[in-house]
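*Asks:* Sequence:
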Amino acid sequence: MQSFWEEACSLYETEEDFIQLLYKLKWPEGFRCPDCGHKHAYLIGTRRLPLYQCSACDTQTSLIAGTVMQGSRTPLRLWFQAISLHTRPEGVNAVQLSQAIKVTYKTAWLICHKIRHAMQRQNCHEMLTGLIRITDAKLFPRTTGSSAWHEQEQSVFVAASADEAGQIERIKIKKQNKHVLKNCYESPKVEPFISEVVDPNLAEKVTVSRHYFGGKRDYVLLNIAQKAQNALARTFRGVSPKHLQVYLDQFCYVFNRVNRPLLQELRMACSSGPCITYPALIGATAATRYRFRKRKTMAWREAS
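Residue 185 in the UniProt record's numbering sits at position 185 of the sequence shown; the count goes up by one each step and never skips.
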């Protein structure tokens with residue numbers, strides 16, 4: 001794991017190197033004020049991370065604002081190490097990450113989820129085009145005599161855009177609500193899924209195959225679903241239904257970039273866009289979020 005990190009970041013050694021890297025990723029054409037779009041700013045360098053004050057409207061913005069690192073005290077070097085480890089073919093789980101970058105499990109868990117959500121956000125902007133194939137599948141199936149859904153079983157749709165030779169170019173896997181289905185033999189409605197993942201203006205043909213509707217199954221797509229299931233079981237030892245979709249999006253993100261510069265694209269995805277918070281991840285209510293902020297403020301005062 002360490003050798004993978006060293007190879008990926010051979011050009012960067014110090015925290016200052018990673019500050020410069022993040023600056024280039026965040027503002028590839030130079031500074032832009034988030035409020036007025038002005039190109040020039042005063043540098044306030046008395047903090048751990050530089051602060052930029054717009055020379056036109058005086059708005060101050062941190063280098064990590066609007067990135068997955070926003071609000072984090074973890075050094076940038078460790079963040080970029082975590083990003084690199086998420087591009088490994090086998091991925092990385094929170095336990096492995098906490099050991100690799102020497103942080104607590106809770107910190108590693110949050111870092112992993114923030115990176116995954118950056119992948120998910122990017123996936124949402126990439127619709128399927130051309131020749132589209134879709135099938136339903138069941139993840140983590142149990143062999144029982146009952147037609148009822150087992151707790152761990154999940155209904156999904158798998159879609160792929162393919163070239164004229166049938167070679168898969170891009171995939172999407174979306175968890176479906178199994179609780180609206182009568183039993184595990186019923187297939188979800190496919191129309192909402194098509195609307196969500198297929199570009200109607202650029203789709204040439206959409207072919208749908210179903211598990212229990214007769215006809216020929218799409219075993220290429222079923223094999224992709226099996227690979228996703230195996231990857232989740234191998235790296236994460238199982239995933240809760242609550243967070244399953246973001247793990248599936250991570251699998252699709254990496255799969256779709258097998259012939260693309262994955263590390264560079266993930267760095268860029270993590271350096272722009274909104275950042276999901278810990279309360280949002282755990283589904284905290286407004287009252288819980290208030291108590292969380294209060295405890296965090298009290299802990300900060302005690303430490304200072």
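Hints were generated in silico from the structure; no laboratory data involved. We treat Cβ as the ideally placed atom computed from N, Cα and C, and that holds for glycine. Heads up, a few of these hints could be off.
[Claimed, not checked] Cut-off 27 Å, straight-line C-alpha distance, at most; resulting in silico cross-link-like pairs (DSS-like, lysine-lysine):
(1) 138 / 175
(2) 24 / 39
(3) 178 / 242
(4) 138 / 205
(5) 216 / 106
(6) 189 / 138
(7) 178 / 189
(8) 182 / 242
(9) 106 / 138
(10) 26 / 39
(11) 189 / 106
(12) 242 / 227
(13) 189 / 216
(14) 182 / 216
(15) 174 / 227
(16) 178 / 138
(17) 227 / 216
(18) 178 / 227
(19) 138 / 216
(20) 242 / 174
(21) 175 / 242
(22) 39 / 138
(23) 205 / 216
(24) 242 / 138
(25) 175 / 189
(26) 138 / 174
(27) 174 / 205
(28) 205 / 175
[Stated by the list, open to error] Between beta-carbon pairs, the in silico distance windows are:
(29) 16 / 265: 22 to 32 Å
(30) 179 / 31: 16 to 26 Å
(31) 200 / 265: 51 to 61 Å
*Asks:* Are the Cα atoms of residue 182 and residue 216 separated by 27 Å or less?
*Replies:* Holds, at about 24 Å.
*Asks:* Quick one, are residue 178 and residue 189 close enough, alpha carbons at most 27 Å?
*Replies:* Distance of about 11 Å is within 27 Å: holds.
*Asks:* Are the Cα positions of residue 138 and residue 175 separated by 27 Å at most?
*Replies:* holds, 10 Å
*Asks:* So if I understand the rule, the pair passes when the alpha-carbon distance is 27 Å or less; does residue 182 with residue 242 pass?
*Replies:* Measuring from Cα to Cα gives roughly 21 Å; hence the hint holds.
*Asks:* Would you mind confirming whether the straight-line C-alpha gap from residue 178 to residue 227 stays at or under 27 Å?
*Replies:* holds, 21 Å
*Asks:* Are the Cα atoms of residue 242 and residue 174 separated by 27 Å or less?
*Replies:* Holds, at about 13 Å.
*Asks:* When you check the alpha-carbon spacing of residue 175 and residue 189, does it fall within 27 Å?
*Replies:* holds, 12 Å
*Asks:* Does the structure keep residue 174 and residue 205 at a Cα separation of 27 Å or less?
*Replies:* The hint holds at about 20 Å.
*Asks:* Is it true that the CA of residue 189 sits at most 27 Å from the CA of residue 106?
*Replies:* violated, 38 Å
*Asks:* Can you let me know if the beta-carbon spacing of residue 16 and residue 265 is within 22 to 32 Å?
*Replies:* holds, 24 Å
*Asks:* Regarding the pair residue 138 and residue 174, is the alpha-carbon distance no greater than 27 Å?
*Replies:* holds, 11 Å
*Asks:* Hey, residue 175 versus residue 242, does the alpha-carbon distance stay inside 27 Å?
*Replies:* At roughly 10 Å apart (the allowed maximum being 27 Å), residue 242 and residue 175 satisfy the hint.
Hints 5, 9, 11, 22, 30, 31, counting from the list given before, are not met by this structure.
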